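First to last, the protein sequences are chains A and B. Taking the working numbering, the leading residue of the first sequence gets 1, the next gets one more, and so forth. Taking the working numbering, the leading residue of the second sequence gets 1, the next gets one more, and so forth.
Everything labelled a hint here was simulated from the structure, so no lab data went into it. Everything numeric in this text was worked out from a predicted model, so none of it was measured. Just so you know, even glycine gets a beta-carbon here, dropped at the ideal spot from N, CA and C. Careful, some of the hints might be misleading.
If we take Cβ atoms under 10 Å as the criterion, some of the chain A residues that face chain B in the derived model are [to be verified]:
1. 33
2. 37
3. 56
4. 102
5. 105
6. 107
7. 110
These are the residues of each chain, in order.
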Amino acid sequence: DTGVSQNPRHKITKRGQNVTFRCDPISEHNRLYWYRQTLGQGPEFLTYFQNEAQLEKSRLLSDRFSAERPKGSFSTLEIQRTEQGDSAMYLCASSLLGLREKLFFGSGTQLSVL
Amino acid sequence: TQLLEQSPQFLSIQEGENLTVYCNSSSVFSSLQWYRQEPGEGPVLLVTVVTGGEVKKLKRLTFQFGDARKDSSLHITAAQPGDTGLYLCAGPNTGTASKLTFGTGTRLQVTL
Chain A
1 DTGVSQNPRH KITKRGQNVT FRCDPISEHN RLYWYRQTLG QGPEFLTYFQ
51 NEAQLEKSRL LSDRFSAERP KGSFSTLEIQ RTEQGDSAMY LCASSLLGLR
101 EKLFFGSGTQ LSVL
Chain B
1 TQLLEQSPQF LSIQEGENLT VYCNSSSVFS SLQWYRQEPG EGPVLLVTVV
51 TGGEVKKLKR LTFQFGDARK DSSLHITAAQ PGDTGLYLCA GPNTGTASKL
101 TFGTGTRLQV TL
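Throw the hints in and build the complete structure from the sequences for me.
Here it is as structure tokens:
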């Protein structure tokens, strides 16, 4: 068990470009979450999957954002036409559905939009 | 919308001192979790408190859940430089219990 893995760790892009992040959850975990964290704030929920089904999306997630988990394993988060306001740490977490669900977070992808 | 307010926002203390961090809400939470986050890393779960009035200890850290389940506190005894980090409380959203609402965080720095 190597924990939740996120790639890349850092991404610098120009405004208007598209970016894609990848998250590999802990192998037996059936739930996967995406959060966004800006400097000095706590993480904010973006979306989550149970297996391959995307069950909820936050209103923070504009139509420029799309997330997938095609086979119920790894997930990707794509941001199209990036804006400077998208600069943040994007965190992925996974868990095993249960009474006392525990989230295990990855190290995040730090996005800087210039 | 359930909000979690943490205080203080920043805390700088010397090694050996005690401190308490607070997490408050006007909403009732079925449980609250505490995380510690180091720079450039994701949050790591420290503890989950479930029952009103519950007290949990993790070495030098003592966590308490308020009787009304609207607030929680984290007390650190004899702080060490390794305790430095961002402390976050989080609770499940009543609308969707699977997602967490995080507090604003308390940034702790412990110096020698």
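Review point. Among all the numbered hints in the text so far, which are the ones the structure does not match?
Key: none
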